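J.: Chain by chain, the residues:
Number of protein chains: 2
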Amino acid sequence: MEEASEAQVCGRGVEERIWKKEVVMVSRPQGMPVEANFEVRRSELVFQVPPPPGFLLVKVLWLSVDPYLREIMNEDNGLTVIPPFQIGQPVFAGSISKVLASSDPKFKEGNIVQTISPVADYALISSEFFSIDKIEHTHAINVPLNQYLGVLGFPGLTAWVGLNVITQLQANEEVFISAAAGAVGLLAGQLAKLKGCRVVGSAGTDEKVRVLKEVYHFDEAFNYKTEKDLNLTLKRYFPSGFDVYFENVGGNTLEAALENIRRKGRIIACGMISQYNKEYKEREGVRNLMHVIGKSLKMEGFMVGDYWHMRDDFIKEVGELLQQGKISYHMDILGRGIDEFTKAFVGLLGGKNIGKAVLLTDDGETP
Amino acid sequence: MEEASEAQVCGRGVEERIWKKEVVMVSRPQGMPVEANFEVRRSELVFQVPPPPGFLLVKVLWLSVDPYLREIMNEDNGLTVIPPFQIGQPVFAGSISKVLASSDPKFKEGNIVQTISPVADYALISSEFFSIDKIEHTHAINVPLNQYLGVLGFPGLTAWVGLNVITQLQANEEVFISAAAGAVGLLAGQLAKLKGCRVVGSAGTDEKVRVLKEVYHFDEAFNYKTEKDLNLTLKRYFPSGFDVYFENVGGNTLEAALENIRRKGRIIACGMISQYNKEYKEREGVRNLMHVIGKSLKMEGFMVGDYWHMRDDFIKEVGELLQQGKISYHMDILGRGIDEFTKAFVGLLGGKNIGKAVLLTDDGETP
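Chains as they are written, first to last, in full-length UniProt numbering: chain A, 1 to 367; chain B, 1 to 367.
These are calculated hints, taken from the structure and not from any lab test.
Here the structure is a predicted model, which means the values were calculated and not measured.
Certain hints may be false.
Copies of one chain are not kept apart here, so a pair can be met inside one copy or by any two copies together.
Within a straight-line C-alpha distance of at most 25 Å, the following computed DSS-like cross-link-like pairs (lysine-lysine) qualify [what the hints assert, rightly or not]:
| # | residue 1 | residue 2 |
| --- | --- | --- |
| 1 | Lys-225 | Lys-281 |
| 2 | Lys-298 | Lys-264 |
| 3 | Lys-213 | Lys-326 |
| 4 | Lys-281 | Lys-235 |
| 5 | Lys-213 | Lys-193 |
| 6 | Lys-134 | Lys-59 |
| 7 | Lys-20 | Lys-343 |
Taking the hints into account, I'd like the entire structure generated from these sequences.
T.: Structure, rendered in structure tokens:
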């Protein structure tokens, strides 16, 4: 997008310049990413005021730090709608930004927008991107702005769409959620509990298990890393099976879930984090898909971007639940400043954080 | 069921005896079944006329020989609704039988019934089984009786339900069918063509490929055994991907299909014949299920027994197509007499036959 701006820099408006910092992928991660795969590049952003048609100049306030970025770093990432990150080019992430200059009448200076942007402090972004939206609900709902990257953002919408649209969860069903202490799992578990379901979650540390049970009132939770045989673990927590599996993990957790899900069960395929760091040949193949037939299962994957049009309904419902204190949420600020993004992202894949991980892009005051 | 009859044999009705032959599983197959896993047992069937309430005495005319029987021979068969065959007990299969005696007013002597029965020449069967039905359409449709085990029976219903109910196939979609020359695939391909779809099938011999293209007018067909890389093969036949995969095979065919199916594609999970003979640890795990998410795929398995109530609609539609000559069908009579069942079944898994495989239980005249 910067290129587009520079190419059109002469002939109209006032030319301005800002020093910006952005995170660039300098080599493709092999397996677990390391900080050396990325570099912070400082460069001068040259732009016009007003910006070229269809663009906004924004100051990025908050960046979302997500495991799925790892998948987009693979050349063959399996995401037909998201092209892989390119070497030498910036990494993109979900963000909350403030509009500094706009040529689109839908957005005015000072507006707060939620979108996908480069991992940078300043950027020229498209005002016509399918998932750009003004945040106008903040005052009414009275939540911190960064929640629009979490419980009121993509992860929240993902949980809400998964349960309400993809699987149409019913009262009294039994639900298993993997990566339950993650940004999506935390809300999925709470929404399922509010529907009157029995909910069991898996997570990767004892602290996460404690939080799931004590803070988020999951019926049960377990640490999959200390269980010897996930198949037996699931039999223990669901002696007669479960109806719905909210799948965030893949690999052998999916195999164990297929063994234990009930006939006519539904699988919401939302993420397979256990496989993102693995080369194709190293991946844990799933060997019991015959259960899909034998148990008449339905497995459906989705990309939350396809449900962006439902965002208002979602924010109304979940915003009210937040205001009423019926749901709560962990927000984990992993760093301050663009320089800290890489470390935050690599650390995130280590699996320690609970709830939504974000980065404050400025090192000044929290917006 | 014989046991039930023998226990009630005194006190009412007329006691009669018939010598029957039935196929018993004497050991569980490990990998590929061999004839020594089975034995033909001759024994006296003692019964009353009329039979005990809820039972029919039948003479079995035709038996269906199906690959899925192999799966039911595994102790842990993954079919929650079908208990595994037991050692020392008869094997069951789809059958067409003639009622010799009935205690149920819904069935009269001389009626022809379609159901699941022991692999035997005579049997006492339940008249209350969920999938027992009189065949009353034969005269109107003018097809041989054994077609009720094929194009008008379970395999036909499976193809019809898969396309019409599970995936709601639309005109102009592109469809890939594996095991296309099998009992289900043959009808699925023809129904998809009649809907105006482009259809490509895979099969395991050059002769099957020829028949698919020349007799059944598949747009393309290929022999998966002589292809080096199924992923590239599918790219060749579907340069821009396909919308629907009718899955009968599993394993690396499913992997290749996941690579090539389009965004929002649908997978009808109907069978995974490549995996039936394999121990859990030997199975080809599917390593690219991440596409289910990245491409927003829907994969749905089903057991045709759950759609038995749609049988009248199905027979009306497909029967008419048969009468009008718009579809045709291969029927492969693998043997005559109960003694030949085992050889026919073991041979079937060798993968040579085209269309529906059946056995004529009597060595007399074709019914």
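J.: Does each hint hold? Answer for all of them.
T.: Here is how each hint holds up against the structure:
Within a single copy, Lys-225 and Lys-281 get their C-alpha atoms as close as 23 Å, and across copies as close as 22 Å, so both meet the 25 Å cut-off. Proximity of Lys-298 and Lys-264 under a CA criterion of 25 Å is satisfied in both settings, with 7 Å inside one chain copy and 14 Å between copies. Taking identical chains as interchangeable, the C-alpha atoms of Lys-213 and Lys-326 lie at most 25 Å apart only when both belong to the same chain, with a minimum of 15 Å there against 61 Å between chains. Within a single copy, Lys-281 and Lys-235 get their C-alpha atoms only as close as 30 Å, which misses the 25 Å cut-off; across copies the closest is 20 Å, which meets it.
For the homomeric pair Lys-213 and Lys-193, the shortest alpha-carbon distance inside one copy (12 Å) is at most 25 Å, but the shortest distance between copies (54 Å) is not. For a Cα distance limit of 25 Å, the shortest separation of Lys-134 from Lys-59 inside one copy, 14 Å, qualifies, whereas the shortest one across copies, 74 Å, does not. In this assembly of identical chains, the alpha carbons of Lys-20 and Lys-343 lie at most 25 Å apart only when taken from the same copy (19 Å versus 76 Å across copies).
Consistency with the previously given hints is maintained throughout, with no hint failing.
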